[in-house]
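*Asks:* Below are the chains, spelled out letter by letter.
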Amino acid sequence: MDFEPKILGIACNWCTYTGADLAGTTRLKYPQNVRTVRVMCSSRINPSFIIRAFQLGADGVLVGGCHPGDCHYGTGNLYARRKLAITKKILEFAGMDQKRFRVEWISASEGNKYAEIVEEFTRDLKALGPQNTFRIEKDSRERI
Amino acid sequence: MIGSKGSLNADHCEKEKVVFKKITLEKLGDLVSALKEKGPLYAPVRDGKAVNFQKITKTADVTLDFYNTVFSPKFVFFPQTEDLIRYTLQKEGAQAEPVPIAASPSVILGVRPCDAKSFEIMDRHFLGAGIIDPYWKNRRDNTVVIGYAFDPAAPPDPADFYNTVGIHAADTEGSDVFMVRKDGELLLKGITKKGESLLKGLAVLDAASAQDEAFFDETIRKDRGVKTRFTEITDTAIAAKLVGSFEKQEIWEEMTASCIGCGTCTFVCPTCYCFDINDETLFRKGARKRFWDACMFTDFTLEASGHNPRPRIFQRYRQKVCHKYSYHVTKYGCISCVGCGRCTRSCPVNIDIFSIVEKVANL
Amino acid sequence: MQNPYIPMPVEVVNIVTEVDTNDIKTFRFAFVNKEDEERFQYLPGQFAELSILGKGESPIGIASSPTQKGYIEFTVQRVANLSGGIVTAALHDLEVGARMGVRGPLGNSWPIEYLEGKNVVVVGGGFAFTTLRSLIHYMLKEENRSRFGDINVIYGARTPGLLCYKEELAAWEKRKDIRMHVTVDKRDETWTGREGFVPTVCREIAPSAENSVAVICGPPVMIRFTLPVFFELGFSKENIYTSLEMRMKCGIGKCGRCNVGEKYVCKDGPVFSLAELDTLTREY
Amino acid sequence: MTNIKQIEENLKREAKRLLESKEVSVVLAYARGYDEHHPLPYAARTAGEVGNLIFNEYCTYNLARYLTKYPPKTKIAIAVKAADSRAVVQLIQEEKVKKEDLVILGIPFIGMKDPKTGEEIDQKTTCHMANPVLYDILLGEEIRDAGAGSPYDVLAELEAMDQAARWSFWEKEFSKCIRCFACRKACPMCYCDPCFMDASRPRWADKSPTADGNLMYHLTRFYHLAGRCIDCGECSRACPMDIPLHLFHKKMAKECETMFGQAAGMKIDDKPVMVNYGNQDSDEMLK
Amino acid sequence: MSRIGVFVCHCGLNIAKTVRVSELAEFAGTLPDVVVAADYKFMCSTPGQELIQNDIKKYNLDRVIVAACSPLMHEKTFRKVIANAGLNQYLLSIVNVREQDAWVTDSEDEATAKAKALINGAVYRARLLQPLTARFIDVNSDVMVVGGGITGIQAALELAETGKKVYLVERNSTIGGHMAQFDKTFPTLDCSACILTPKMDAVLQNPRIELMTYCEVEEVKGFVGNFDVKIRQKARYVDHSKCNACLACTEKCPGRGTSEWDEGLVKRKAIYIPFPQAVPQKPVIDRNACTYFKKGKCRLCEKACGQSAIAFDQEDTFREIKVGAVIVATGYDLMDTKPLVQYGYGKYPGVYHALEIERLFNSAGPTGGKVVMRDGREPQSIAILHCIGSRDKNHCEYCSRVCCMYSLKFAHLLKEKTHGDVYQLYIDMRAPGKGYEEFYNRLVEEDVKFIRGKAARVTDKTDNPDFAGKLVVEVDDTLTGRFATIPVDMVVLSPAMKPRTDAKEMARLFNLSTDKYGFFMEKHPKLAPLSTMTEGVFIAGACQGPKDIPDSVAQGTGAAAEALTIVVKDRLELEAATAIVNPASCCGCQSCVRVCPYGAPVFNREKNVSEINEALCKGCGLCAASCPASAIFTRHFTNDQVMAEMEGLMEF
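Protein chains in written order, with the numbering used here: chain A, 2 to 145; chain B, 45 to 407; chain C, 5 to 288; chain D, 57 to 343; chain E, 645 to 1296.
Here chain A stands alone, though its shape is the one from the complex (with noise of 0.2 angstroms):
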């Protein structure tokens, strides 16, 4: 069977959520490999969840927020933003692909932009194949 990339999402309530629930509204299809965690703002995503999202098994996290101005709190996502720009710096020099933590603004009437970047990142992933990095070995967590 194919290598199934297992995604985890976080998105905004206002914007990634509503543009994904849109995307769903127009009958867009996508690759089903997104598991979406709906939090109130971008901003409410404190990086450990990214690494903890990664140790679970993750392939790849796909946080979406909205474009930066237009967030529902006024500034959330341009603090969002520095915090998930430091978070992809910290995976990348601890040596996970960065290719596989995605940031990406998907506003409330981007149904479509959501579908394509569900698609291609779920292509992406499976080209680099299961991410071994952070993953926690499910039976083997003990320690000499």
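No lab work stands behind these hints: they were computed from the structure. What you are looking at is a predicted structure, and each value in this text was computed from that prediction instead of being measured. We put the beta carbon where it would ideally sit given N, CA and C, even for glycine. Any given hint might turn out to be false.
To be verified - No farther apart than 27 angstroms at their CA atoms in a straight line, the calculated lysine-lysine pairs in the DSS-like style are these:
1) D/K129 to D/K154
2) B/K135 to C/K29
3) D/K228 to A/K100
4) E/K1251 to D/K327
5) B/K66 to B/K266
6) B/K99 to D/K232
7) A/K30 to E/K661
8) D/K154 to D/K125
9) B/K135 to E/K701
10) A/K114 to E/K1160
11) E/K991 to E/K1059
12) B/K93 to D/K169
13) D/K327 to D/K343
14) D/K155 to D/K129
15) E/K947 to E/K886
Said to hold, decoys possible - Away from chain B, derived, C-beta distances all over 12 angstroms, residues of chain E:
16) N658
17) L695
18) Q697
19) R779
20) L833
21) E904
22) K938
23) R943
24) A955
25) A1008
26) P1109
27) D1110
28) D1120
29) L1123
Assemble the complex: chain A is given as a structure, and chains B, C, D and E must be docked to it using the hints.
*Replies:* For chains B, C, D and E alone, coordinates are given in the frame of chain A:
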């Protein structure tokens, strides 16, 4: 002093049945291989700047050219983490299985006298007071400790003070086999029956001569060997001093002012045994683990209600010193510090427990 | 060799919500294995580690009395704060029929032998009454009652709704061989009993110190104001007992965190006389 | 560069003056430890105690760590080397201390030594600036020719690695961690107590030292220190397992400087970069 | 342990067609702590709701998971359902198996597998859900309406009618908006001014409406029920409290400015009222046109004014008002047709855009209602070009909805006024409103020439000598399939209706989302067309998308009703999912204080911890993510809840 109280290991061999062997240092590898065959072997290994005890996989890793390890070998009996129960959380409830206690016979090679002594001190805690810790006991019973005299030629580390707690540079107490270096050779003598039977079963060893024996006996003489820092203390006197000084908050605050509250000293310590127990689960599978904890941490005594009996660093440091030099004396009859100097050497801010004990002793 | 770290399986057979704030419940457990029940020989004042795999363990005083056969009981307050209380929260979510673990009995007990032949003044406040309840049940058992002198119980809570074991209190009130003085800090329309703080009530009742031992358990503030009353009444420190609480893990004096001076509260305590406490450091 | 003995004398003189004049109630500096190679951080409270003060090459430890433990409004004089002064500046930025409560005794010196190893400390493990960025009194002459070399040069090797190699490097290093927490406790910027690692809701990482928990701890800590780490190298020196934590911190400092154009602890009116955003920020940094 | 009920909705076939719902329910039933799992055709229907409620009671559930459509759709519905069954409404988790699952794949296996993972995540999260109690906040009963066009006027009047105080904020010096520029309205051809001006006057007369013309909203703070709005009163240089509207000043004024009302076809004075029926009837000075402001002397108006109302030293002033709800009705801009060079607007004087034509028709307009061109000629032939910029993927993909109808109106009026030849160049004729098709039919009979095809070009260059001096419109006639060239005197462009050029700034000001063109986004296109993602802020009229007058008026009324639902209440229930600081963990770093857009966290220096003012908190969670000590809990989205959900999502 610890030595005067005698050890719990009562099976000291009698003089006439002494098992005494030797091996040249070049053949250390053969000895290591032979020991490894008997079961897991723990021995000093150099990794970067540090030498530490490790479970030996490659014979060549073992080094006997070291002063002392950064970490004590206590982890052989008391690993930093161990699973007590493994479980799976299911719809019907947890499926749990206690982790079997079954250590295979093993050997620790190259334990310095102060560390060997520490095992006996820990025995008093883990095997004493009416409740036996099965994990400690099982590993202890199955392990042979090969002690290793400090090099009489090498100056002691300035942090060491094992003389203060009655341990000398070639103290055999706590070892099952004791090892002394003579030029290019290692002399090994059985101290306990357990040690003797180990030595008897090691074909790689040569018989030692009477000269060797004389050298050995001379080396392990209490007044011989290098001298560390020393201050005159007795168990009961220092215990009483600490009880007396307990309320003198200002003195304690001043002595511990630079402590930053990390747990390094307790983790490197051969006689620190505090642990935590916690359930750790991932995807419904988990284990109840016990693992080292440190009395220097804020949350060590923090109650769920938010109350903390020792909220401040000086209180925690005082607890550490009192525990080792007072409570342990009252409860188990000996100081639980072997003067190995590890805590002092590892301290990020160079706090020295000896200086504190010395100060209290002279109050 | 019995591994003291491994809990014994029990089944929840009954749950009683004790107070109107719903955050204190009494759990009745039955041992799954008969031999465990026999091994679990305890005295009032001892505690046990209640174990829920995946959540952890919590040390809780045994609320039942060894004279009550076939089960053991624990009264647990849900610690509701942002920092912790994971085990007690999980306990509170349990239902009858659920299985969990109990590790114990642990620690020492109320000084039963010492109490024999003496008058006993039991003073409790709020939910800390649990092991006192055990003691009362123990002393009131027919075959035991004659071993003890007069029994006075002073028990208080902030409001009537916060009193635990209401039915038992009512039953004890009716008995002739025990004198109950139940009080609330603030009465409401349902309460016809006493109103007043525990220390005040103690002073009013003024139990004689003659051949008497006071056994006190309650919130720190209650203890702080109650002790002087007993000193005034002439109780010596040797004749006042209380039970300490500390953060515990192993419960068997090995993990090193619950010491007060040289004593491990989990093993050498939790019950201490004030005279003993005086010899210890003040870190509790 | 001023002779180190002279610096010590200047330190003592100023400390005495400040305490005598009651300008400050505490002077944070160093005293002799169990030998002269192992100095102890020391808080002199009286002019009489000034005699205990020393300063030598081994007086490495970043004293800014102690500032946050004094109650607000305590007047404190603190001896700082370059990186230490940046820690002070960063703490001022974060309003953990107030500039007006401090007398900063700057020490311009290059050639400090690690008390544990005796090795000289250079830009491989610290920011290696020569002069404090902020001081009230300079205890020696300003150093003009501090020498070339960026504190980030040391990263070249790791940066050149491919991702897999870098992961195996860090995987090995992090797996050594025993959670003694010396890194966070020695860090002048880690003043949370309890730390996120002590939290039980949620447990970010297993409380026992598992490899995955170690990864979570260190990566999250790198994040918390991003833009705040002033590159004193104390974490690595404190680590009994010799984990080169400072390399990761350095990398984050470098990235923050590149992306946000601001280095930690340089100006007291800067806003910490991670609780800020800028008009210059672009999505480029997410690429 | 929790007692969780999982309820899987088929949504008819919407979900059930792609997700194997019974398998999903069966799977949910195997998960720890799930005591009941059921599937049903329509969970949101009454029987579906009853099913959930009955099971809550029957199984003593303490958590409910509904796998159905997006939480944005029915979370509120199901919250009510469980609340009515006695459960705290926050003990609910919605799993989106429709919009983000069933609808986006054709594969049953994939959809079902994803749904399982999502449900598992919800179960992990549900265990940690905490009951929350809603907070109540006093509501300010006043409403602000932004935009004084017909929509805003309608909304303001309706609200005032209910007894509420209304602030009507208009950036121009008069209300009326675009409608005031029109001559006649389709399809009834009644006079625009005749129906508008009474409403404008009603606004002026209504004591409960505070008219704020020449004002702009500067800043909006606060939240539903309690908005604090800062308003800039632009300097009029005329003290309206003194002015008696005699307009003597305007007569004397030598300054010349461009008449916005007349679409720049004529000049107006520097001190002016935009048009005769302007409300208020009081002038303002156009600083850029004023001789005094430009040259430092003149002040003729000052001399003319008997009331000493001229105030050259006036400055912009600011005023803070408090309102409970806001209606944004800022209208539209007509697309600038200059960039569409093929149509020659701005190049050929004979090319006009729709609003200019409106003015030419108007008796109060620059030509006194005569249709004469810039060169003074009356056009003998006129082409009306539809869909200029609209329905054009390069510009505005959408249909502007009103152009067909007003073009027909133009044709009628042009025919009536010039008796010339009138051509309609259209792509499709769209006439869906009441009476619209009839109007179209009437025009067909009026000898208007309909050419189905989009005009490709307007030019004055031609080889045909007959066409000399004419504008030639080139078009592909899609009915005949022929390329046609039409010589005309006048070309009328019907450009797209576009969002206001400053719509983005407005959106930011009011925290609105915009669609890809810049029109404000409604909360739901069907079920909440006037609400926005910002509670308490409503949109109406053409700022949401192109609309004709009847629709705009309807929306104005609707928005008034929506706003009323908020301001009729004394107290308002707010989202309970706010942040809280655990003081035991707070390290006093003040990161939360520094980042919060609402100023909710406040640092308590005495205790050295931050505290959150929950009335200001909106629950975004930025503070929680910025807190290094994990001391902040964003209720309902706590760290442990999110982490648990992730664990559940990643398990399978």
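*Asks:* If a hint holds in the structure, say so; if it does not, say that too.
*Replies:* Hint by hint, here is what the structure shows:
Proposed proximity of D/K129 and D/K154 is supported: the alpha carbons are some 8 angstroms apart, at most 27 angstroms. Taking the CA atoms of B/K135 and C/K29, the gap is near 24 angstroms; set against the 27 angstroms cutoff, the hint holds. Of the pairs offered as hints, the one joining D/K228 and A/K100 holds, with about 23 angstroms between alpha carbons and a cut-off of 27 angstroms not exceeded. For the proposed pair E/K1251 and D/K327, the alpha carbon gap of about 23 angstroms is at most 27 angstroms, so the pair holds.
Between B/K66 and B/K266 the CA atoms are separated by roughly 22 angstroms; this keeps the pair inside 27 angstroms, and the hint holds. A C-alpha spacing of about 15 angstroms is found between B/K99 and D/K232, which places the hinted pair at or below 27 angstroms, so the restraint holds. At most 27 angstroms may separate the alpha-carbon atoms for a hinted pair to count; A/K30 and E/K661 meet this at roughly 15 angstroms. Only pairs whose Cα atoms come within 27 angstroms are accepted, and D/K154 paired with D/K125 is accepted, the gap being roughly 13 angstroms.
Between B/K135 and E/K701 the CA atoms are separated by roughly 21 angstroms; this keeps the pair inside 27 angstroms, and the hint holds. Our distance criterion of 27 angstroms between C-alpha atoms is met by A/K114 and E/K1160, whose separation comes to about 12 angstroms. Straight-line distance between C-alpha atoms of E/K991 and E/K1059 comes to about 25 angstroms, which keeps the hinted pair within the 27 angstroms bound. The straight-line distance between the Cα atoms of B/K93 and D/K169 is roughly 16 angstroms, inside the 27 angstroms bound, and the hint therefore holds.
In summary, the hint linking D/K327 to D/K343 is supported, as the alpha carbons are separated by about 24 angstroms, within the 27 angstroms threshold. Proposed proximity of D/K155 and D/K129 is supported: the alpha carbons are some 10 angstroms apart, at most 27 angstroms. A distance of roughly 15 angstroms separates the Cα atoms of E/K947 and E/K886; the hinted pair therefore holds under the 27 angstroms criterion. Non-interface call for E/N658 relative to chain B: holds, since the shortest CB-CB distance, roughly 30 angstroms, exceeds 12 angstroms.
The beta carbon of E/L695 sits about 22 angstroms from the closest Cβ of chain B, which is more than 12 angstroms, so the claim that it is off the interface holds. Against the 12 angstroms criterion, E/Q697 stays outside the reach of chain B, whose nearest CB is about 24 angstroms from its own CB. Under the 12 angstroms C-beta cut-off, the non-interface status given to E/R779 relative to chain B holds; the minimum distance is some 25 angstroms. With a closest Cβ-Cβ approach of about 72 angstroms to chain B, E/L833 is found to remain outside the 12 angstroms limit, as its non-interface label requires.
The beta carbon of E/E904 is kept farther than 12 angstroms from every beta carbon of chain B, the shortest such distance being approximately 66 angstroms. Against the 12 angstroms criterion, E/K938 stays outside the reach of chain B, whose nearest CB is about 71 angstroms from its own CB. With a least CB separation of 74 angstroms from chain B, E/R943 remains clear of the 12 angstroms interface cut-off, as annotated. Even its closest Cβ contact with chain B, about 64 angstroms, leaves E/A955 beyond 12 angstroms, as expected for a residue assigned away from the interface.
Residue-level check passed: E/A1008 sits 76 angstroms from the nearest beta carbon of chain B, beyond 12 angstroms. Consistency note on E/P1109: stated as away from chain B, and its beta-carbon is indeed over 12 angstroms from all of that chain's, at 87 angstroms minimum. Here E/D1110 stays apart from chain B, with its beta-carbon at least about 85 angstroms from theirs, past the 12 angstroms limit. Its beta-carbon lying about 65 angstroms from the closest one in chain B, E/D1120 satisfies the requirement of being farther than 12 angstroms from that chain.
No Cβ of chain B approaches the Cβ of E/L1123 within 12 angstroms, the least distance being about 67 angstroms, so the stated non-interface status holds.
When each numbered hint is compared with the structure, no violation occurs for any of them.
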